[in-house]
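Read top to bottom, the protein sequences are chains A and B.
Sequential numbering from -11 applies to the first sequence in our numbering.
Sequential numbering from 65 applies to the second sequence in our numbering.
Derived by calculation from the structure, the hints in this document are not laboratory data.
Idealized CB from N, CA, C, for every residue including glycine.
Worth double-checking, as some hints may not be accurate.
Partial pick of chain B residues on the chain A-facing surface, computed with a CB cut under 10 Å [unchecked claim]:
#1 Lys126
#2 Asn138
#3 Thr229
#4 Glu241
#5 Ala284
#6 Pro329
#7 Ala331
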Amino acid sequence: MDLLTLLSDGFATSLSPFNLMIVILGVTAGLFIGAMPGLGSVNGVAIVLPLTFVVPPASAIILLAAIYYGAMYGGAISSILLGIPGASTAVATTFDGRPMAQKGQAALALIAAAFASFVGGTIAVILFTLFAIPLADLALAFGPAEEFALVLLAFTTFVGLGGDDILKTIIMICLGLVLSTVGLDLISGQPRLIFGDLPGFYSGISFLVLAIGVYGVGEVLYTIETSKSNPTVSNAKITFKDLYTGIKTISSYTKTMSIGSFLGFFVGMLPAAGATPASLMAYGLAKQTSKKPETFGDGNIEGVIAPETANNAASTGSLLPMLTLGIPGSPTTALLLGGMVMWGLMPGPMLFIDQPDFVWGLISSLYTANVAAVLINIALIPLFVWALRMPFSVLCAIVLVLCIVGGFAPNQKMHDVWLIVLFGYAGYLLRKADYPLAPLVLALVLGPLMEKSFRQTLISEQGNILAFIERPLSATFIFLSLLFFIWPLVGLLRSSKREHPHFSSKRPDFSRQNS
Amino acid sequence: MVYRSFKTSILGMVAGASMIFGANVSFAGDWKPAKPITMVIMAGQGGGADRIARLFQSIIQKENLSNMPILPVNKGGGSGAEALRFLKDNEGDAHTIMATLNSYYTTPLRTDIGVDIAEFNPLARMAMDTFVLWVNAESEIKTLDDYVAAVSAAGGSWKMGGTGTGQEDSLVTAMLEKEFGIKHTYVPFKGGGTVAKNLVGNHIDSTVNNPAEQMGFWKAGKVRPIVAFTPERLDVFPDVPTAKELGHTIVYWMQRSFVAPKGMPTAAINYYTEMFEKLSATEEWQTYAKEKALVADMITGSELQKYFLDERAKHKEILASSE
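Please construct the entire structure, taking both the sequences and the accompanying hints into account.
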């Protein structure tokens, strides 16, 4: 009851005309920022942060949160339309989103992404509202050993992902792990794998560079070869009927959406993890629990729904450690934290007690931001789809320019552009040889996290490797990872059995005769 | 407000134009940044260095001390080696500044990254931060004696969390070990914020974080300060003794300064120095420093460079004796 009073007070703040306007502005700006490869919510929040000093803190955080949210919706747009993930959180969305767009279902994929984001975001906000304070304790229970076990789990949900060829998947994971070790070692501070002394490698290979290279440039090269400049024109018109059937189709995937939402929220809440592993895990899990896992990667709508619910749920989840513990889970939440310090607020355990107006204003604005984001996003879908009607030769050039600008912008180093070219070519070759690219990118994102937490655990436990299974939480995750590792093998056995007609295909006929 | 920002943007355009047309002429008072300023932070997100750098960024923008926005970038990898190397590779850049901590001198001493800090341009030392020994509030330890006894009893498996081997907190840890003949297992994390969280979650047994990094948890009653490594007791913790008054002269400071790359134009150096002088006088900063137990005495220019080089020499000795 108390909670409801606090929340309704919060709504009184966030539903004021001024704050509503701020939400709409922020969400729209965020959508476009997120849709641009290379620009993400970090850039959006950084640019707008100084403007927020002219409005009261509650409105300021509402604006920043709206941009953050909008960008999370927008990230899916370039993943689906161009096949380039705008941010690491949207990588998993490319796996099926892009094939859907190529089959002419771009509008459906975009509707699915928007609606799934809405569901994920909303469920996460509800969880946040109800359990923010008790859940902070769970985040505290996560030490290095648990972090490692969680990342391991993220990897294993993914082994079955690269198609049927598990060996190729494992090779790509290993390659990604090698790439992830480039740069300065976190623990000793020594440079590793810097190819002699190339200063560009000191900061490591960024996810964005690899993703833009293999997905953006590689994809363009591959498409040039396969389509021979044959344009794939998709229908740009979308009617309310399309929208209705779209949402109806999507609504039938309640299982996928609930997996995505809950998993996303819990993984996002852990300070180390965030939205990227969450979306990847949701994708892997959706595939493994699906009735038709073989259609994943060829444009299965579930492959869009799962990661999109999860990344939005996770972005809400990652506000939790920032508000309750003062630890930002992502670069964007670090900026939000900086803003809060400036407004004279102290994020941490006392915030909920000292500043209820601010906290509940923010929470209630997440509800409004979600509604605004889904409406604005759906309204803009025709515009985004229209962009796909460009002749392929034009679109292709635009994508290449976006790739290079997007790769150069964050660090402004030519080094990154050369790497993009290199990765693009490598990605094209790997794709021709039928190697899955997703595990490569995944390993680069999760590798550093995994290595760091593994070494921290070993240091603090005096080299005792059993530490990972002696702690209940990490033991659970390790057990689950083993399960996920074995699951695809069971699936393989089952499908080899299916080739005998006696076992499966005849059975339905028997039951019909009996009844 | 709209009018004012319009005016500053005109000023910015004029400044940009004068940069292009009058590049050789450098009037000390005339230079203004022509594009957003990158503020490199030598540490990860959420730690003391990060929070303070972001606070400065916010004050600068709120008080309009710079006509261009400041973009903080965390380069905390390898005890700040990533940031140092970045600054070196941006020689002559007038739009890059770096927020430093003590790893500014320790990291180049410890790792071979080809950086000589004597080449960089000092801008301003904003504050000296302090160190306090913390344990989880559930712990039995209440005094320094309890602590030493507990660490000795653990026989080397006592987990001291910190921000990286060779970082400030690891030096304080080394001083403690030397003074009391005890041994810790030092566990490195990516920033003071993560260390604080791991202490509250009981994944480590103690830490020597800065007060600002623990303040939130301290106010919530989750952590307990044991002893301060300052010459005198801190105003915010009047009941916490200093190591010095207990008869152990362990005193250690963390400097919070800003530096610029080698070859930054003099006019730009003057611009930033002046900006930090104005910043230092703001009420927000003074209040923050007081609440977070920082000593806010500012030095700039050659005096600061001398300080850096003296500290480097001092740390060379500390490192030599601790390894």
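Evaluated hints:
1. For the restraint placing Lys126(B) at the interface with chain A, the shortest Cβ-Cβ distance is roughly 4 Å, inside the 10 Å limit, so the hint holds.
2. Annotation: interface hint on Asn138(B) holds; nearest CB of chain A at approximately 7 Å, less than 10 Å.
3. Residue-level restraint check for Thr229(B) holds (minimum Cβ-Cβ distance to chain A is 7 Å; threshold 10 Å).
4. Restraint check, Glu241(B) versus chain A: the minimum CB separation of about 16 Å is more than 10 Å; hint violated.
5. A hinted interface residue such as Ala284(B) counts as satisfied when its beta carbon comes closer than 10 Å to some beta carbon of chain A; here the least separation is about 3 Å, so the hint holds.
6. For Pro329(B), the interface hint is violated, the least distance from its beta-carbon to any beta-carbon of chain A being 19 Å, above 10 Å.
7. Contact between Ala331(B) and chain A, as hinted, is not supported at the beta carbon level, the nearest pair being about 23 Å apart and thus beyond 10 Å.
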